Structures are given as C-alpha cells and as structure tokens.
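Following the hints, complete the assembly by docking chain B onto the known chain A.
Number of protein chains: 2
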Amino acid sequence: MTDFEEIEKARERLRKYFLPTPAVRSEVLSDTASLPVWLKLELLQPTGSFKVRPSMNGMLANLEQARAKGVVTSSSGNFAQGAAYAAKRLGVDLQVVMMKGASEFKRKRTEALGATVVLCEDTFKDRWDTTYRIEKEEQRLLIHPYDSVHTMGGDGTIGLELLEQIEGEFCAVVPISGGGLISGIATAIKHKRPGCRVIGVQPAANGSMRKSLDAGERVTVTPGPTLADALLIAQPGERTFEVVRRLVDEVVAVDEDEIRAAVKLLAEEQKLVVEGGGAVGVAALRGGKVAAGGLPVVCILSGGNILPSDLAAILAA
Amino acid sequence: MTDFEEIEKARERLRKYFLPTPAVRSEVLSDTASLPVWLKLELLQPTGSFKVRPSMNGMLANLEQARAKGVVTSSSGNFAQGAAYAAKRLGVDLQVVMMKGASEFKRKRTEALGATVVLCEDTFKDRWDTTYRIEKEEQRLLIHPYDSVHTMGGDGTIGLELLEQIEGEFCAVVPISGGGLISGIATAIKHKRPGCRVIGVQPAANGSMRKSLDAGERVTVTPGPTLADALLIAQPGERTFEVVRRLVDEVVAVDEDEIRAAVKLLAEEQKLVVEGGGAVGVAALRGGKVAAGGLPVVCILSGGNILPSDLAAILAA
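Protein chains in written order, with our numbering: chain A, 1 to 317; chain B, 1 to 317.
For reference, chain A alone in the conformation it holds in the complex:
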C-alpha cells in the first residue's frame, strides 16, 4: 500500500468519528498579504489539536491488538491528549511516556482523559528507551507520534479535506515538528494536485528539519525554549525526513517575536485561540517568508493548546 492509499484508508476509518474541520477565508490576513488566505481550523478538534486524527487512525488500524494488549505512546503534549481521547473513545488502555519536566498542565489533561502517564528522565533518549521497553514487555501496540505510516495517514486526511474545500492549486503552510503533519499533507496534496505548493515552518529555536535538509541527512539539534512548545524535537523522523525531502518545496524559520505577534493577531482580529506551534504559518506569512508563487495560501492552525496565562500575557502586552 502506498502512503497515499493509507491516507484514503485513514479517511474511511475516521469518517464516523470526526467531521471535517472548517477551512475559512481570513479577511484580515488576505488584505495584509494581498492574496487569498485560508485558515484550516484544526484547533477545533477534540483536545484542541489535529492529533486526534493520527492517534485514532493508529488504533483503528490495529484495533484488536490495541484492545487486547493496550497502547503505548510517547509525547510531551498534544499527541498525548489526542491519543488519550482516541483511547477513551475506543475503549483502549493507554500508557503515555512523558518526561518528568513536561508541563504539569498537559500531563493533567492527559490523565483526565483516562490515560496512565509514565514519567521518565528529561531526555529524548530515556523517553524512547522507556517507550520501547513498555512496548516489548507488555506487547502493547506502539503508536508513534510522527514517524509511522498510520500517523502520516491520519495527518494526511487534512490534505484530503483541503482538496475538497479549496478549488484549484494552493500553497499549504504547515508547522513542522517531527514532520508527520507536513508529510501527510504533502503526500495527499501533491498526489492529487501536483501544482500545489507545500511550505514548512519551524521556530528558529528548533531548526532540526531545516538543518537536516541542508546537511542532506538527519541531524540532531538541542532545541531551545520557544512559545511553540509543540514543535520541540531533537531530530526529524526517518520516514518523514524522506517525504519532506521529496515533496516539500521549502522549509522556513520564524523567531519568537513573530510567533507571539501571530498568536496576538489571531486572537484579536481572527477571534481564534492558537498556540505558538499552530501560529507559525501565520507568523511566516506576515514575515514575508512564504513564497506562494501567486497561489492562495492555506495556513494549518494545528492546535490551540496555549497556556491561558501565556495567552493572557500576550493579550495584555
């Protein structure tokens, strides 16, 4: 099965669980950018981010094992909540490996959905070691937060929806962390409408994909602090790196001031609560970093899980 076929399959699997999210025209961004700008509202998904799609798809693709043995995953935030939601809805036992230093806010939200959080040391290495150990010891189904065909398949359903919601060619602007979201969307869009463009955006504090592309191989970085906490990753996925190299037209970086300004603009003018990681596309657009080739732009607002106190501070500034 090709990656694209898995996306179509994911769409069938997810159809009865989720309605398509709206894609809306943004007047204020269109005016500023002097071209049509659309926003894909993934922040409206249950748990406030697109992550319900890939996690639910992973469980549905192997539902017998998931139900019999349980599922294990690893994440510091949005994927944890998305997976906890999917597990609850499907009657699946879920363990999520999180670093001790991960946000208590996100941990509590994950636990509130019924998942068991397993704490590990504050390194990506220990997080993965712990995850793989639990997978082996308990024969749980491992759901990878970005680097698997089912995860990319679930993510790619966003691309299929965009193809129905927007006529003609467009330029999708997509946040990058491990690369699952952009890989799925690029696979769907480029397969059906090759003239579309796909541009990835990372916070400058975490240039792992940009640096890997420059090096021609996956490099490991030490991510710095950023408001886009959903986009903190040491290294792109193996599978996703290959897809990005093949299909993504460009990867650009935005700085912290640009991210904060985008969050503020989206709340004040567009009336949407968008987290830093979800706002990087709008930040890139406003910073003149999106070479759309004259096409209408679609920014994927991937999530809205900003700390209320952080949003309050941005609004008050």
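Please keep in mind that the hints were generated in silico from the structure rather than gathered at the bench.
Here the structure is a predicted model, which is why all the values come from computation and not from measurement.
Be a bit skeptical, because a hint or two may be false.
The list cannot tell twin chains apart, which means a pair is met if one copy fits it or any two copies do.
In silico DSS-like links for lysine-lysine, alpha-carbon gap of 30 Å or less [to be verified]:
id, residue 1, residue 2
1, 192, 108
2, 88, 264
3, 192, 69
4, 211, 100
5, 16, 192
Frame of chain A, contents of chain B only:
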C-alpha cells in the same frame, strides 16, 4: 413581501460577499449538556460579528440611494463596525452616530474602516434624535441596527444556513439586544422547520425583552453595566418585539458570573475568542436554563469583539 421572502432575498444579495460561516460540533459542550451542541461561528465574519450581514443587506437593498446620498446609522459597537465594512466594500459614504461615552476602542475601529463618527450626548434619545436629523437634512439612507425588515432579513440568513448545516429539528439559542438577530433567525427557522425551538438570552443587567414580554408591551429599562456590552439596549424594537412575541419560545437571563465563565470556557476549551454578548447562549446552556425539549442545541456565537485586556483578565483569573 413577507419577512421570510426578504430573508431569501437577502441571501441572494449577500451570496457574493460572504461565505456561510461554519457550524461546528462542540465536544466539550455536548459532553456537559448530554446532548449534541453546535456552535455557529459568526465571530469569524469580517469585523468579528454577524453585523456585516444586516448592514450590507440594507445597503444593497437601496444601493442607488446609498451611493448617491450616503448612509447614516447609529450604534455603539458591532453594528458600527459591520456597517463601516459594508460601506467600504460597496463604495458608500457612511456616518455613524455614537455616544461620547462609547468605547474609544470601537470608535477607532469604525473610523479605521473609513466611516465618519458623529458624536452625540450619552443618551439613547440624543443618539436617535441626531441620527434622524442627519437622515432628514442630508437625505441619507437610514440603516436601523435592529428594527427594520432589511436588518432582520440580513440577520435571518444565519437561520437559512443553519437549516442547511444541521439535519432535522434543533433548538437555536440566540443573544437578544434590540431583537433583530433572534427575529431574523426565528422567522427563517420556524417557517421552514416549525418543530425547531428558538430561545433568546439576555444579560440579567438588561432584561428589556423579558420585561416587555411579561408586561405584554414594550417597556423601557435602564440597562446596567455588563460584560455583554453588545446587548445593552433600553427597549426592544417595535417590529422585533412583535416577531419575538409570536415566534420565540422562551427568553431567559444570565448573570455576569455565568457570562464570564462562558467566555473563559470558550477560550480555554473551544479555542474561540467570544465576547460577553456572544457567549450568553453558552452561559445559559451551562446554567441549565435552556429547555431544549430533547433537541440538539445550536448556540449562535454572534461576535468576538471583547477588549483584549478584558479577555486577558478573564484568562488570568
């Protein structure tokens, strides 16, 4: 022409200017209320509220006069901005009569859209005296913010969209100020699907419609301060009062704590920036004040123009 026919006409007029706003399922509200809850996202309209619909419809219905002589209206907030947007888009000169004490924030936003703001004394009487004087002296087209067939017609297009977006009977929960929005929506919905329910919500600080219904005639109240500043009005409209009396099933009140809690919940859980006046439906639902008769509920989130500093304070609390 009946009120319903005017709504259909309005829809034709507005079709090339606005896309339908999304109606989305709210998981968090559905879970709490134990019935399906939908949200109609009027806050995504240009200028952040539904008011672009009625003001644009009023101008399009009499476009020759509007262009030749200009338009005058009167409002302290959302209608002013909506009308200024419509006027700009249609190449119409607009004067908006506002009280001296009206929010500077809203005045500046109205002026930024190209409208001329005419200041008057801080009474509804002087506001209307000034508006009617300008109408007469300059032969401008008067666009009434709630009490006219064209305004109700534009407002009613929301009802037509809901009938397409939601299958079967439902219960619409609608904010009430002068009554234009609920009159338009009730006219559309009850005409096409009489089994639907329509429930109006006012802030307790302004019970003008509730008190008028109790008295069997329009009474004048002195509205108190409320976070729902878009719903401040001394008296229901003449035309709208008759429609509400005839078609609306119930009108309920919510207090300030309930409004603030609804704004907070919508921002934190639903990722939407909703102003007090737009959140009263959700406040009523959470307060157990919506007798939906077992039907799915649709809350009209009429606008998102909350002061950023007010939202910051609510989020930080």
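Verification of the supplied hints:
no.: 1; hint: 192 - 108; in the structure: neither (40 Å within a copy, 46 Å between copies)
no.: 2; hint: 88 - 264; in the structure: between (33 Å within a copy, 25 Å between copies)
no.: 3; hint: 192 - 69; in the structure: neither (37 Å within a copy, 51 Å between copies)
no.: 4; hint: 211 - 100; in the structure: within (28 Å within a copy, 57 Å between copies)
no.: 5; hint: 16 - 192; in the structure: both (23 Å within a copy, 28 Å between copies)
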